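Each chain is listed here by its residues.
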Amino acid sequence: MSAKKEGFFKSEFFHNFVRSPGAMAGLLIVTFFVVLVTAGPLFTPQNPYDIGSLDLMDAFKPPVWMEGGDPAFVLGTDDQGRDLLSAMVYGSRISLFIGLSVVVLSCVLGTFLGLTAGYFGGRLDSLLMRIVDIQLSFPAMLVALFIMAAFGRGLGKLVTALTIVGWVLYARTVRGSVLVEKKKEYVDAARLIGLSPFPIILRHVLPNILTPLIVIATIHVGTVILTEATLSYLGVGVPVTRPSLGLLVKNGYDVLFSGLWWSSVFPGMFIMLLVFGINLLGDFLRDEFNPRLK
Amino acid sequence: MLKYLLKRLVQMIVVLFTVSVIVFLVMSFTGDPVLMIVPPTATDAQIAEARTALGLDRPLWVQYGVFLQNLLRGDLGVSYIFKRPALTLIVERMPATLELVFFSVLLSLAVALPCGVYAGARPNSPFSRAVMGGSLLGISLPSFWVGILLIFYFAVEKGLLPSSGRGATAPLFGIPFAFLTWDGFRHIVLPAVTLALGTLAMLIRLIRAQIMEVMRQDFIRFARAKGVSWRSLFFSHALKNALVPVVTVFGMQIGSLIAFATVTETIFAWPGMGKLLVDSINTADRPVIVAYLMIVAAIFVLINFLVDIVYTLIDPRIDLR
Amino acid sequence: MSEYLLEVRNLQTRFELFRGTVKAVDGVDFTLREGEILGIVGESGGGKSVTGFSLLGLIDPPGRVAAGEVIFRGENLLEKSEEEMRRIRGKEISMIFQDPMTSLNPLQTIGRQIDEMLALHTPLSQADRRKRSLELLREVGIPNPEDRLENYPHQFSGGMRQRVVIAIALAANPKLIIADEPTTALDVTVQAQILALMENLVKRFGSALILITHDLAVVSEMTHRVAVMYCGRVVEEGPTRELVHNPFHPYTKGLLESIPRLSGERSRRLPQIPGMVPNLFDLPPGCSFAPRCGYATELCRKEAPRMRTVAPGRMVSCHNPVQGGEEAEGHGR
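Residue numbers (UniProt numbering), protein chains in the order written: chain S, 1 to 294; chain P, 1 to 321; chain Z, 1 to 333.
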């Protein structure tokens, strides 16, 4: 085990990673958020969901560095007297949770369907690819919007809707890989002996799809977080009881015209930062895993 | 050629048909529209009456049949809220959305093409690196947040540009467009910029990547071995080859723009189809939602078709099978 | 004025990769006279193609030509600027690539691609260029050239496409043509045709030809002289006839013996050179061929041999050159 670990640190991947300002910045940002959502709630001055701890007298306080600011509420408060910073920490949690769960589910579902379609071929494959093509010709956000509009808000519904929209890319990649493997001679050889080639194909396919899937998944997390933020902003995403960063922006929008900008600007900034960090990593991974050097 | 067109037509119809089924099914499971129509004080008998009047007491597949029939006749239902045909409502608002999308596209292309091409030609220059960093940020931005920032700075703080609405319009071929008036044009600036940002960022990256990809290919090397100058290599050989796939992607993006216009229109209270959709979702105005989806589906299918046609025209390798 | 059109001395081209530096071309020497056909033979990855590209200055980072001289018509090409090289490419030295599928721009008609060549290097008017293009197409054996000029590359078969490539390469009447595996990507039946065409044209136009290939059989038919490469070095060089009948280097001998023959003893197993081409990051000290050589001695494993003349016109890089025609005692080490 230690030999493997040592090998990784000497690898070209690691070498390039630590020398890439983008990748390191991305890692930093993502780590920051991970730490924030795991340890944050322990340190936030306030639990924004605990109605009892809110005081309407605290409402609309600006950030601490502005006139009228209160050091107890570093980034200001919203219309309910909720501390914005605390709300953002909890909101990041929700956004990240949705991002990760959707990606994991989409990946599993997509890989499964891609494997099935690729392996069995024929009608099943055609049907699946049809669905994929049709679904890809419509913007993901719109489909998710429609589903959420129809079934109402809710965390579970949101994750389901985004998964329904998200499995497609994984399925297509995996299917492609399976098709390539199927053409190879060992498949015929196995069949001749009477063995099912499926486990062997699997063994060959999995290492090949690992890197593309990692790249797709990483970028997908960013996409999901943005989509969820947008849907929540439109009012069809997360329920009001579990405000994600997107919903926080929406709440802030309502008071924007009175000049109270912080409750929409800061949460939005957080979204941007998080997605940017993820994209930095995703970009690096994609370039790294690209078979450009022949 | 004709065979291909027919084949595509059939495909498009199949897709639209599938969409209609899905839309119908999903919508029919969401809440009871009757309760939207009748006043809260209605008796059970009145509710039952309303239900029959709307044809909601009949079996699902019959309802779908009626739906389909009406669809083919151009009748997409009547809005519960506005009490007017849904189709009319949408068509009325289409020009607003279209001009918004149009200007966003124009803006995106105007910025992305030169920047992307330059970044592709000199991939390691400081400009290129800045562009890459900026565009990565660009695709990480939540568009609604950008809209809010723009509103706050330009409208609330500085009062330079209006924060919402469409402003005055002037007719072109009888259709009212905002950009034809100065007031309307002022109103379109912020929304168009907001909408353009995401696409712009994506396009720059795509163009740069494509150009770099093409410059690596064998035929470029061969041309170089012929003694062709770098300038010729880039502009006569690489560029066209690089931009052909960009056309396809961009075509698909237009569909995405129409979708994201919903958000932009909501932020800026721009009276387009997108805003209508969001409002209808909030008021559970089912017929309008269904009508919007069907129309937008038709638009996407059409766009895909057109993009394919354009692609066959510019790439001589594609044979119309 | 030198008697040679091209003199390559100690050419070294390296690729600096993360895993290490690959010495793709590690001290290559050869010469070429006007109108001569030289074959460069060796296994894949042996540095042959890289040599070809190095001559024309087409090596891009992470590769670079680290040392050596490429004297063409009295001038060292390696010292020339990109601008100067650009004027030489196509006009004095032309190159034919391996895969005609990817050599041509898929979005341009071949007429335009030939025209580009002519416009660059000849003073002909547009009308004259068109005439010349048609002539060239006829020369390379493409029927109906008038129609074909407007066609796109994908509308030609592989062999036809390579003919077009040859036409382009010849368009400005270069003194030297470098053909990098010109027939490897083609069908066997077409290969012979293309080679015959090349031989014919090259002789008529008076160009010299460097034919890079892994196929010794091809080389023995067409070339005047041969240079055999292994792991980035030339291990043997000489007139084709003599080299083929009387190889000095064990590698050459092994290559020749592994060519299947239609006549002769049928029951004999096809001899192979044992072992595999070494990892270029990890070349053995001493002679790179030693691990696979039936004649290797301690000296071979310790010290890399130098190129020396062992007979008139025959050069070998070996400590124990094979003495004409004798069989190895066995393939033991």
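Please note that a few of the clues may not be correct.
[Unchecked claim] For lysine to any residue, the following SDA-like pairs were computed, each having C-alpha atoms within a straight-line distance of at most 20 Å:
hint, chain 1, residue 1, chain 2, residue 2
1, Z, 91, Z, 107
2, P, 158, S, 255
3, S, 157, P, 231
4, S, 183, S, 159
5, P, 240, Z, 109
6, Z, 23, Z, 309
7, Z, 91, P, 14
8, Z, 91, P, 282
9, P, 240, Z, 102
10, P, 240, Z, 23
11, P, 240, Z, 154
12, S, 157, P, 106
13, P, 7, S, 133
FYI, nobody ran anything at the bench for these hints, they're computed from the structure.
This structure is a prediction, so every number in the text was calculated from the model and none was measured.
Taking the hints in turn, this is what the structure says about them:
1. 91/Z to 107/Z: violated (24 Å)
2. 158/P to 255/S: Roughly 17 Å between the alpha carbons, so the hint for residue 158/P and residue 255/S holds.
3. 157/S to 231/P: Outside the cut-off at roughly 54 Å; violated.
4. 183/S to 159/S: Not OK: residue 183/S and residue 159/S at ~36 Å, beyond 20 Å, violated.
5. 240/P to 109/Z: Satisfied, since the Cα-Cα distance of roughly 13 Å is no more than 20 Å.
6. 23/Z to 309/Z: Judged against 20 Å, a Cα distance of about 24 Å means the pair is violated.
7. 91/Z to 14/P: violated (58 Å)
8. 91/Z to 282/P: The hint is violated at about 72 Å.
9. 240/P to 102/Z: holds (16 Å)
10. 240/P to 23/Z: Roughly 36 Å between the alpha carbons, so the hint for residue 240/P and residue 23/Z is violated.
11. 240/P to 154/Z: holds (17 Å)
12. 157/S to 106/P: It is violated: about 37 Å lies between the C-alpha atoms, which goes past 20 Å.
13. 7/P to 133/S: Roughly 16 Å between the alpha carbons, so the hint for residue 7/P and residue 133/S holds.
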